[in-house]
Structures are given as C-alpha cells and as structure tokens.
Amino acid sequence: MTPSPARLPLRRNRRFALLVAARFVSILGNGFARVALAFAVLALSGSGPGRLSLVLACQALPQLVFVLVGGVVADRTSRSRLMVLADVAGAAAYAGLAAMVLTGHAPLGAMCVLAVLTGTATAMFAPAMDGVVPLVVPADRLQEANGLLRVGSHGALLLGLALSGVTVAFVGAGWALALNAASFVVSAALTGGLRLAGRPRGGSSGWTDLREGWTAFAGRQWLWAVVAQYTFVVAALNATLGVLGPLVAEEEFGGARAWSVLVAAQALGMIAGAGASARLRVGRPVLVAVLATFPLAAPLALLGAHAPLAVIAAAMFCAGVAGDVFAVLWSTTVQREIPEDTLSRVSSYDLFGSLAFAPLGLLVAGPVAAAVGPGPALYGCAVLVVLATAGALLSPQVRGLRASGPQGQVAVAEAG
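Using the numbering used here, the letters of the sequence shown correspond one by one to residues 82 to 497.
What the hints contain is simulated information worked out from the structure, not anything from laboratory work.
Just so it is clear, CB atoms sit at the ideal spot from N, CA and C, and this is done for glycine as well.
Be a bit skeptical, because a hint or two may be false.
Unchecked claim - Have a look at the derived ranges for each label pair, beta carbon to beta carbon: (1) ALA451 x ARG95: 50 to 56 Å; (2) ARG483 x PRO420: 17 to 23 Å; (3) ALA263 x VAL464: 38 to 44 Å; (4) GLY185 x LEU361: 45 to 51 Å; (5) GLY185 x ARG338: 21 to 27 Å; (6) ARG276 x ARG338: 39 to 45 Å; (7) GLY190 x ALA263: 21 to 27 Å; (8) ARG360 x VAL146: 34 to 40 Å; (9) VAL146 x ALA263: 26 to 32 Å; (10) ARG276 x PRO90: 18 to 24 Å; (11) PRO188 x GLY364: 43 to 49 Å; (12) ALA471 x ALA299: 19 to 25 Å; (13) GLY185 x ALA357: 41 to 47 Å.
Please take these sequences and the hints and turn them into a complete structure.
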C-alpha cells in the first residue's frame, strides 16, 4: 500500500528538500562571515572595539527597523519570491564588503552602508521564511520539519565555522566574505525553485495589515511575554557573540581560531538540540522552552571569568543544545497557534521585539568593554539572561499553555 503524501518522509517532499538545501548553502556561507566580518574590521588600520560595535550595529539596526515591513510584504505576496530578492541583496552587499577588504580600501562609511544592506535583506527574509514552512509541510509534521531544518542549518554553520578560522588565517577575511556572497547566489537559485504562489492582494492598506498583526500578537500573553524576555536575552547574546567574545578570544586565546572553536562547539550543540527536539513531546512546550534559556548564561559567565578554553567550549555546547530546544518548540508552537494568513506579520512582531535592544547591545558593548573590561561586561550579560528568563516565568500562560493538535487552538491549563 502506497503511503499518503502527508506520511511520506520529509526528505521526499521536493519543496521541503529545496528549502533545506537553500538554507544549508546560505548558512554555510554565513559561517564564514560570522567570523570573518569581526576580524576583518579588527584588522583594519586604526580599528578597535568601538569601530567593530558601529559596523555590527549598522547591520543589526535595519533588522529592527524594517522587519515589520517584511512581515506585511510576506503576507501580501509570494514568500519564496521575497526570499529570493533578499538573497540577491545579501549577495551584492557581501560581495562589496569582500571587494573592499581584499583591495585594502575599506572606508568606515562604505562598510556601514553595506552592513545596513545586509541587515535590510535579513529583515525581508526572516518573516517570509517563518511563514514558508507551514506551506510546504503538513501541519502534523511541523515540529519534525523545524527540527530537521535546524539540524541542516546548524550542520552548515558548524562546517562553515570549522573552515572559517583556517580561511581567515591563511587567505584572509576578504575571501571568506566572498564565499558568503556566493552562497547567497546559490540559495536564491534553490529558493526560486519553491515557486510558491503569490498571495491575493486585499483592499486593506499596509497600516491596516500592521494593526491586524499587532492584534494577533498582543492578544496572546504567552507570545508577548516570551518576546519581552528575548528582547534582553538577544541583546546580551549579540553583545557577547559580536563584540565581547571576539575580544576575549583575541586577548586570551590567540584570536580567530580559538573563537571559531567556541562558536563551532555551540553550533555542534545546536545540531544535537535540534535533532532531539524534532521528536520531543512535552505537555507545556512554552514553559519547557523558557526554562531551556537559563543555560545560555553559563558560557557568558565563564568567558568573563577567563575559564579554560575547553570548559568554555563545553558550556557553549550545552547552551547550543538548550537554545535549539527553545527554538524548535517555540517555532512549532507559533506556527500551530497563529493563523497562516497572519503568520508572517506575527513573526515580524516576534522578531521586532526580540531584536529591539540588539543594536544597542552591539553599540555599547565595545565602549563598556573599553571602560570596565570584557570580563565585567560579560558578567552583566549573564545576569541579564537569568533575570529576563525568570521574569517570563511570571506569566500564567507561559506556565500553562498546553500543546495543541496540529490545527489546534491555544489551551491554557489552570494556573495553580
């Protein structure tokens, strides 16, 4: 007897396979850029923590400014077409950054402009991506699909990070950035194969669409409480991964290779966490997801304490596992509980809230590290993660939201 299409292995779902391949290639390139951009800026004449903070903040700020626009556009047009356009813009920006680094002519203003372009591309891409998964897999396979997507993505990141330190050390950061630009081109070609139909344009304005998305977002306490938590968590993690971590690696462990080891350990943990989460069944997914955030503070504190590299790497691995338990449970819950026609807009509010303080975290990390040292700054980031997570647990819906069926509605347990 031939199994129904809904029960076929996801790897035989053509659109899902294309989506996985596109994300693998794109994130493989991002693995290079994640290390290369920081060390490319630090290697420039007269550069330091302040300049690195400025460039990374220019990359993060447009993600915050334009993500709500991205959600509206994604709910009004073909999500796959929007993702292709965002990939093309990302390719152009990283190609420009690579050219400047390779030629040795990298004016700060030009680097900031291209960093803004990469951030804008991400703002357009992310809400569309969140809304694509329910269009290409059956509703009862969403958690499995999210887990497999993240396994492939983190496998690509791990490979990229494993090669990035060597690439930066032996051929330079410019070539690593060029490889990232090429990966965006390949990703655009693969994503174009999804050919998801454009969405019918209603008579409502963009402002009306934004208000509808806000109503869907604000009416769910469990949703905005966790987004408020991650406003602070993401700021602390971005400051660490973008500025404070590379500074400690440069001062204590010898630079890019050591930092690649630490970030690769985190990526390996993410693979393990995503694989485990694909089939994880819990009664209260949001509660488990929030509790899984606490371990993210450990590597921040250990970096601040200048612990041995192996100890920090182990903590980064554990944080990676915990982080993807959160991510898979959270993505699946949002995709199941939010109507599909508003999903990208709700996702954009999720991203907007989560990224609200991310540019500020990057912008102040360098000056704070220069004033008090990276160690105390990292301790502050660890405390911020713990306090924000404890605050989210005060929400009755965070503690009580129960897992629903594939097409289910929110079910809140009695709060004791």
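Hint check:
1. ALA451 x ARG95: 50 to 56 Å: Between ALA451 and ARG95, where Cβ atoms are some 52 Å apart, the hint holds.
2. ARG483 x PRO420: 17 to 23 Å: holds, 19 Å
3. ALA263 x VAL464: 38 to 44 Å: About 41 Å separates the Cβ atoms of ALA263 and VAL464, which means 38 to 44 Å holds.
4. GLY185 x LEU361: 45 to 51 Å: Since GLY185 and LEU361 have Cβ atoms about 49 Å apart, the given range 45 to 51 Å holds.
5. GLY185 x ARG338: 21 to 27 Å: holds, 23 Å
6. ARG276 x ARG338: 39 to 45 Å: For ARG276 and ARG338 the Cβ distance comes to about 42 Å; the hint holds.
7. GLY190 x ALA263: 21 to 27 Å: holds, 26 Å
8. ARG360 x VAL146: 34 to 40 Å: Since ARG360 and VAL146 have Cβ atoms about 38 Å apart, the given range 34 to 40 Å holds.
9. VAL146 x ALA263: 26 to 32 Å: The hinted range 26 to 32 Å holds for VAL146 and ALA263, with Cβ atoms some 28 Å apart.
10. ARG276 x PRO90: 18 to 24 Å: Since the Cβ atoms of ARG276 and PRO90 sit about 22 Å apart, the hinted range of 18 to 24 Å holds.
11. PRO188 x GLY364: 43 to 49 Å: violated, 55 Å
12. ALA471 x ALA299: 19 to 25 Å: For ALA299 against ALA471, whose Cβ atoms are near 23 Å apart, the range 19 to 25 Å holds.
13. GLY185 x ALA357: 41 to 47 Å: holds, 46 Å
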